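Q: The primary structure of each chain is shown beneath.
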Amino acid sequence: MTWRSRASILGIGFYLVTGPLAAQQGPIEDAWTFLRSGQRGKAVALLQEIIRQHPSNPDARLLLGSIWTEEGRRDDAVTELTEAVRLRPGSAEAQNALGEAYLKFDEPESARAPLERAVKLQPGFSAALVNLGAALLRLGEPVAAGSYLDRGIAVLKGAAEGAYPLYLRAKIHMDRGRAEEAAADLNRAVKLRPDFPEAWSDLGEARRTLGDDSGALAALQRAVALAPDDAIAQYRLGSELLAQGKAHDSLEHFQEAVRIDPSDQSALNGLQRALRAADNAQAADQVKDKLAALFRAKNAEDRNSVEAIRLNNEGAALEKGGDLRGAIQKYRDALALCPDHTGIRTNLAAALLHTGQWSEGVSQLREVLRREPGNGKVRAALNEALSHPPPLR
Amino acid sequence: MTRRSLLGVAAWPVLRAYCQAGSAGQGMASRGVAAAPRRRFSGLPFLARFTDVAAQAGLRATVTAGHPARADYAIEAMSCGAAFLDYDNDGWLDILLLTGSRFGDPDPNASNRLYKNNRDGTFTDVTEKAGLLRSGYFYGVTVGDYNNDGFDDLFLTGWEQNVLYRNNGDGTFTDVTRQAGLLHPHPRFSTGCTFVDYNRDGWLDLFVANYVTFDPLTVPRAGKPNECSAQGLFCGPRGLPYGHHWLYRNNGDGTFRDVTDAAGIARPNQGYGLTAVAADFDNDGWPDIYVACDSTPSLLFRNNHDGTFREVALERGAALSEDGMEQAGMGLAIGDFRLRGALDILKTHFSEDTPVLYVNNGHGDFSDLTSRSGLAVETRYICWGAGAADLDNDGKPDLFLVTGGIYPELQDRYRTPRVIFRNLGQGQFEELLGIAGPGVEARHSSRGCVFGDFDNDGDVDILIVNHNEPPSLLRNDVSGSNNALQIRLAGVASNRSAIGARVTVRYGACVQTQEVLSQSSYLSCNDRRLHFGLGAAVNADVEIRWPLGRSEELRGVAAGQLIHVTEGGGITHSVKFRRLA
Numbered sequence: 000m001t002w003r004s005r006a007s008i009l010g011i012g013f014y015l016v017t018g019p020l021a022a023q024q025g026p027i028e029d030a031w032t033f034l035r036s037g038q039r040g041k042a043v044a045l046l047q048e049i050i051r052q053h054p055s056n057p058d059a060r061l062l063l064g065s066i067w068t069e070e071g072r073r074d075d076a077v078t079e080l081t082e083a084v085r086l087r088p089g090s091a092e093a094q095n096a097l098g099e100a101y102l103k104f105d106e107p108e109s110a111r112a113p114l115e116r117a118v119k120l121q122p123g124f125s126a127a128l129v130n131l132g133a134a135l136l137r138l139g140e141p142v143a144a145g146s147y148l149d150r151g152i153a154v155l156k157g158a159a160e161g162a163y164p165l166y167l168r169a170k171i172h173m174d175r176g177r178a179e180e181a182a183a184d185l186n187r188a189v190k191l192r193p194d195f196p197e198a199w200s201d202l203g204e205a206r207r208t209l210g211d212d213s214g215a216l217a218a219l220q221r222a223v224a225l226a227p228d229d230a231i232a233q234y235r236l237g238s239e240l241l242a243q244g245k246a247h248d249s250l251e252h253f254q255e256a257v258r259i260d261p262s263d264q265s266a267l268n269g270l271q272r273a274l275r276a277a278d279n280a281q282a283a284d285q286v287k288d289k290l291a292a293l294f295r296a297k298n299a300e301d302r303n304s305v306e307a308i309r310l311n312n313e314g315a316a317l318e319k320g321g322d323l324r325g326a327i328q329k330y331r332d333a334l335a336l337c338p339d340h341t342g343i344r345t346n347l348a349a350a351l352l353h354t355g356q357w358s359e360g361v362s363q364l365r366e367v368l369r370r371e372p373g374n375g376k377v378r379a380a381l382n383e384a385l386s387h388p389p390p391l392r
Numbered sequence: 000m001t002r003r004s005l006l007g008v009a010a011w012p013v014l015r016a017y018c019q020a021g022s023a024g025q026g027m028a029s030r031g032v033a034a035a036p037r038r039r040f041s042g043l044p045f046l047a048r049f050t051d052v053a054a055q056a057g058l059r060a061t062v063t064a065g066h067p068a069r070a071d072y073a074i075e076a077m078s079c080g081a082a083f084l085d086y087d088n089d090g091w092l093d094i095l096l097l098t099g100s101r102f103g104d105p106d107p108n109a110s111n112r113l114y115k116n117n118r119d120g121t122f123t124d125v126t127e128k129a130g131l132l133r134s135g136y137f138y139g140v141t142v143g144d145y146n147n148d149g150f151d152d153l154f155l156t157g158w159e160q161n162v163l164y165r166n167n168g169d170g171t172f173t174d175v176t177r178q179a180g181l182l183h184p185h186p187r188f189s190t191g192c193t194f195v196d197y198n199r200d201g202w203l204d205l206f207v208a209n210y211v212t213f214d215p216l217t218v219p220r221a222g223k224p225n226e227c228s229a230q231g232l233f234c235g236p237r238g239l240p241y242g243h244h245w246l247y248r249n250n251g252d253g254t255f256r257d258v259t260d261a262a263g264i265a266r267p268n269q270g271y272g273l274t275a276v277a278a279d280f281d282n283d284g285w286p287d288i289y290v291a292c293d294s295t296p297s298l299l300f301r302n303n304h305d306g307t308f309r310e311v312a313l314e315r316g317a318a319l320s321e322d323g324m325e326q327a328g329m330g331l332a333i334g335d336f337r338l339r340g341a342l343d344i345l346k347t348h349f350s351e352d353t354p355v356l357y358v359n360n361g362h363g364d365f366s367d368l369t370s371r372s373g374l375a376v377e378t379r380y381i382c383w384g385a386g387a388a389d390l391d392n393d394g395k396p397d398l399f400l401v402t403g404g405i406y407p408e409l410q411d412r413y414r415t416p417r418v419i420f421r422n423l424g425q426g427q428f429e430e431l432l433g434i435a436g437p438g439v440e441a442r443h444s445s446r447g448c449v450f451g452d453f454d455n456d457g458d459v460d461i462l463i464v465n466h467n468e469p470p471s472l473l474r475n476d477v478s479g480s481n482n483a484l485q486i487r488l489a490g491v492a493s494n495r496s497a498i499g500a501r502v503t504v505r506y507g508a509c510v511q512t513q514e515v516l517s518q519s520s521y522l523s524c525n526d527r528r529l530h531f532g533l534g535a536a537v538n539a540d541v542e543i544r545w546p547l548g549r550s551e552e553l554r555g556v557a558a559g560q561l562i563h564v565t566e567g568g569g570i571t572h573s574v575k576f577r578r579l580a
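Protein chains in written order, with numbering that gives the first Met the number 0: chain Y, 0 to 392; chain X, 0 to 580.
Quick caveat, the hints were computed from the structure, so don't treat them as lab data.
Since the structure is predicted, the reported quantities are computational estimates derived from the model, not experimental observations.
Errors might be hidden in some of the hints.
Claimed, not checked - Stretch by stretch, here's where chain X covers chain Y in the computed footprint (C-beta under 8 Å, at least three residues):
hint: 1; stretch: 169-177
hint: 2; stretch: 287-293
hint: 3; stretch: 301-308
As the list claims (entries may be wrong) - Take a look, some chain X residues computed to stay more than 12 Å from chain Y by CB distance:
hint: 4; residue: Asn-198
hint: 5; residue: Gly-263
hint: 6; residue: Ala-341
Heads up, the beta-carbon is just placed ideally off N, CA and C, and yes, glycines get one too.
Extracted from the complex, chain Y is given alone in its bound form:
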């Protein structure tokens, strides 16, 4: 969530300019000033210059790493923040920033350790508590997640930042079939942050589950007003309207959801149902045809997927028997059927490297990392390969 990551950087800025090292942080304060005034490029350049001159300045790395996190530059962010943690292992802020970066890049497993360290270092650190709760939630540990979220909510009391952990805790309630508790948390969340569209959207779902049709409709309308590009909110509002017999009103929301994600089968199905209910059978049939094509494509993908693994396993058997060339061909055939499969691609890369096809092997490993940036083993393999380039001819 954008407003959260901004809050996170704001938190770091606050720490830097008021913390014990503030007197030594003049240039960093300047960077922060640039950042606050929207001159991000200048802030980054200044921080990079500080780091060039003082590579062991953890604050500069912390702030720069947080900026990279917000900009989605995963490798740069992790590098700077890991270094910040190494330089100042006792900093809860640095540990939290690293954990938060991993969370943002969908690596909750990697996020867990730094966030646990942050909470241990500073038990009342609300951002770390909430981030750890979020990480554990994504790791499928709702009980532990709930306890950290509760602590975060308690620390934040009535602050606006408390909306996010309430929103997360509501998800735990919903997963356990406790819609009333979820609705209560979400009501508190939208009171704290009336501009929190995801909370409104989930509140609509919770109210729908509780049979509160008018309340659901109001919440979903608010969600869509706040975030018209949120396909989920648009779909939910369309569904609620359709369920309430307002097919014509539902159409625009299903259409928006399909515009945002043309292959969303829930939205396509909702749209064809709504069109039919609105007596537009011809348009409904066109949407139905798209839906049917989607099912055919999924079936083909499923079958390709099984066939690809079969080929991969044949390749693995050939490789075991020493037939690397045969294996590579099998891996290539498998990858052609299932190009998203990073395991097959990794096997191909390894076989290529073993047959001296360094350049393509490295390129395949890079492709795996592009798809799975958190894969440490592949990263290590890439580093290993890069450290042993073929001799120049």
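Based on the hints, put chain X in the right spot on chain Y.
A: For chain X alone, coordinates are given in the frame of chain Y:
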């Protein structure tokens, strides 16, 4: 989300690991939904109580279905159904139980079994005498009098071959598959099957659904990591080729003709077909066919009245979940759940998903009212057979579901209890926990179940197929003073079994419609006598629409009895319900 999520997806091996793990496009579809909150319990008493009397009734033979500790292939995990039928026309329900098998190590005692009702609460195994001793992988059964000779015949689906048994009328059956033109040259994994007089010529035709195209030479065996599963679980259905569905027209001379292409059955997307139901969903007088499909959109073949069908499930709202997702369609219960004279559909699914309730507007357009009806509270179990039966005779059809895991390897999730949803009226259901008797709480890995009054005492009993165990026979003991009426129909111009006849009963302020079906639940066939709980009403008005269209009305029929009605002849005789001690 697939069933693999139940196990935790193994991390993909990297580099030298010779990756051999599961594929994303595998398993059965589950939406991964959480159960909806339970509403406050109504506090109403439930007057039905179920006790498993299978052992004392003599139903002791185990239903073989793969190895008790593992399933090598889907063909072991998906079996099988059962039937309540009256093969000897003595007025007492007999039992047909299908069998599965074990790959490479078949159980020498496994066989389909026919049990004759001794009219005293017990049954005698007459399989051999009846000529039905046969092992193999069997899945579905449909019962109907295809040659209109007055005796119920059997059609069984299986891998590799389906079988048509003609009832000889003397307590024996003859395999007439070849003579009837139903022998197929290549192995098929057939599942759902239903007799249906789709062209209204008075002869029962036959629809057969298929699950996947299965060949043990190409589909990997479970037991070690393979292209389907890193955990070594069996393959399918996703990732395997669809089975294809078939329609056979009865020529009226004991033979059938494949009309699949001509009737438009082969045209649409096929899907992994399981239970098939033939019923007149759009109330136009012509039978349609609905197929519960696993992990693919379910299918509704609408009868065009000219010997052809058009598949309309997506447009009619009966293909997907409320949120537009494919579900693991297994079993079907058809009933007039809202007492509005229309046939609604309940379909059962995988765990972490809800059953789905498609409510019919009376013209064959369906709305998914699962959440609003209170059915979304139960997502814990993999659900199979299901029935819409008025278990407590209060005048409203309830829902009974059987459950069971598909991987014996996962023993903690393999045996699970039965589920009852009580119909509260106004389209609302509530799950009953712990108040319907020990037969409901018992844990088994169940598949098919059938509903019928085996002891002729005026309530609905339930027979359940359990994997690698004897079946359960849940005797229903209803207390209180609710009344019931049962109706058995015999066609004259229409097919003798009256399959496809539609009966609407008015009692008190209620109206309820049922049809004579020849498959529902999970690959099973219920008692063909229609059972109407009447609540406090002591009589009812009955309207019958026979398969060929003729209508018949019976006014003020007294409760507490089974009436036999012959097409054009009214009530030919009646039998009072027995009052058991």
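Q: So, for every hint listed, does it hold in this structure?
A: A quick look at each hint next to the structure:
Note: the stretch 169-177 of chain Y has 5 residues with beta-carbon separation from chain X under 8 Å; the three-residue rule is met and the coverage holds. Residue count for the stretch 287-293 of chain Y with a Cβ under 8 Å from a Cβ of chain X: 3. That meets the three needed, and the coverage hint holds. With 8 residues having a Cβ less than 8 Å from any Cβ of chain X, the stretch 301-308 of chain Y passes the three-residue criterion, so the hint holds. Every C-beta of chain Y lies more than 12 Å from that of Asn-198(X), the closest at about 27 Å, which supports listing it as non-interface.
With 12 Å as the threshold on Cβ separation, the claim that Gly-263(X) sits away from chain Y holds: the shortest Cβ distance comes to roughly 15 Å. No beta-carbon of chain Y is positioned within 12 Å of the beta-carbon of Ala-341(X); the least distance is around 18 Å.
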